[in-house]
Amino acid sequence: MKIKCPDCSTSYDIKPQVLGDQGRSVKCARCGNRWFVSPKQEPEDEDLPLDEEPEDEDAANWAADGEEEDRESAADDIPDEEEEEEDDTPPPPPPPPPSRQAEADNADPGAEDDDKPVDIETLAKRPKIKVNPNKFKRNRIGAIFNWLMRRNYRRVAGIGLFAGSIAICASVVMLRDSIVKQAPDLASLFEAVGLDVNLRGLEFRDLRTFHELQEGEQVLVVEGSIRNILGENTSVPAVRLSIRGGDLQEIYAWTVEPRTKVLKGLDETRFRTILADPPSDASDIQVRFIDRGKRQVVLE
Numbered sequence: 127m128k129i130k131c132p133d134c135s136t137s138y139d140i141k142p143q144v145l146g147d148q149g150r151s152v153k154c155a156r157c158g159n160r161w162f163v164s165p166k167q168e169p170e171d172e173d174l175p176l177d178e179e180p181e182d183e184d185a186a187n188w189a190a191d192g193e194e195e196d197r198e199s200a201a202d203d204i205p206d207e208e209e210e211e212e213d214d215t216p217p218p219p220p221p222p223p224p225s226r227q228a229e230a231d232n233a234d235p236g237a238e239d240d241d242k243p244v245d246i247e248t249l250a251k252r253p254k255i256k257v258n259p260n261k262f263k264r265n266r267i268g269a270i271f272n273w274l275m276r277r278n279y280r281r282v283a284g285i286g287l288f289a290g291s292i293a294i295c296a297s298v299v300m301l302r303d304s305i306v307k308q309a310p311d312l313a314s315l316f317e318a319v320g321l322d323v324n325l326r327g328l329e330f331r332d333l334r335t336f337h338e339l340q341e342g343e344q345v346l347v348v349e350g351s352i353r354n355i356l357g358e359n360t361s362v363p364a365v366r367l368s369i370r371g372g373d374l375q376e377i378y379a380w381t382v383e384p385r386t387k388v389l390k391g392l393d394e395t396r397f398r399t400i401l402a403d404p405p406s407d408a409s410d411i412q413v414r415f416i417d418r419g420k421r422q423v424v425l426e
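In terms of the working numbering, the sequence shown has 408 at position 282, counting the first letter as 1, and numbering is strictly consecutive.
Hints should not be assumed to be uniformly reliable.
Each computed BS3-like pair below joins lysine-lysine, with the alpha-carbon atoms no more than 30 Å apart [what the hints assert, rightly or not]:
#, residue 1, residue 2
1, Lys130, Lys166
2, Lys153, Lys128
3, Lys141, Lys128
4, Lys166, Lys128
5, Lys307, Lys387
6, Lys130, Lys141
7, Lys307, Lys390
8, Lys153, Lys130
9, Lys141, Lys166
10, Lys166, Lys153
11, Lys141, Lys153
If you're looking for bench data, these hints aren't it; they were derived computationally from the structure.
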């Protein structure tokens with residue numbers, strides 16, 4: 127293979143095996159210039175064909191001198207190349223031209239890293255990416271809010287109003303005793319819808335009304351029980367009884383006071399009263415609690 131020095135144009139004949147597969151740097155024995163030679167480089171065209179001879183004597187002498195210089199230069203260059211082969215460290219590549227050097231300086235340094243093979247151990251030692259869970263939480267809340275905003279406002283408002291009304295009605299029914307204590311006039315409203323209001327914690331049980339003869343006269347007997355429905359001691363008030371006619375108008379009323387004044391929790395007591403000469407047009411009897419102090423008939 128024939129190579130030529132780019133500075134002094136001195137030619138050398140070398141073996142391609144000396145350059146290797148990747149090429150190498152060589153040194154001119156004449157001018158000392160170094161340049162990089164690739165094994166794929168095309169051989170330099172010879173100035174004169176081998177079968178042609180110089181036309182004149184000067185040309186023949188020039189050719190002879192050139193061949194002698196080529197042999198000397200090749201002889202001087204081959205030992206230099208052999209010394210360079212002994213060095214295990216490959217020589218650095220030749221510096222690029224000024225224009226390529228500027229492009230190399232402006233190039234992204236990460237491009238070279240992309241060409242390099244990836245080291246698995248290096249990837250394993252990279253710090254883990256921290257994920258902020260609050261970010262996804264905020265995004266989820268925002269998505270729910272946007273979904274609600276897209277719904278029909280009237281439908282949502284109607285459902286909310288209906289649910290609120292049910293909740294208010296349930297609260298009034300459950301707390302009707304406390305409400306009547308604060309506003310007694312509302313007791314009739316609860317009774318009108320069929321809800322009993324028990325402010326005393328007592329109730330009547332086993333009420334009975336019947337007629338019987340005493341000393342040849344017919345009397346009206348009313349008896350029953352009073353039960354404490356609370357788990358604490360409760361004062362027993364008086365009992366008011368009223369006789370009503372067919373038009374539900376009150377005809378006669380009287381009051382009795384049970385002997386038991388205080389009932390223990392979940393306890394009960396009996397009462398009995400007798401009305402002599404009851405009205406003949408009596409239809410029913412109404413019984414309710416009132417405060418003690420208005421005694422009309424002694425309990426027997």
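How the hints compare with the structure:
1. Lys130 <-> Lys166: holds, 14 Å
2. Lys153 <-> Lys128: Roughly 14 Å between the alpha carbons, so the hint for Lys153 and Lys128 holds.
3. Lys141 <-> Lys128: Status holds; Cα separation ~9 Å.
4. Lys166 <-> Lys128: Distance ~12 Å between Lys166 and Lys128 Cα, so the pair holds.
5. Lys307 <-> Lys387: holds, 22 Å
6. Lys130 <-> Lys141: Cα-Cα ~14 Å, so holds.
7. Lys307 <-> Lys390: holds, 22 Å
8. Lys153 <-> Lys130: Roughly 11 Å between the alpha carbons, so the hint for Lys153 and Lys130 holds.
9. Lys141 <-> Lys166: Holds, at roughly 13 Å.
10. Lys166 <-> Lys153: holds, 18 Å
11. Lys141 <-> Lys153: holds, 15 Å
Checked against the numbered hints above, the structure breaks none of them.
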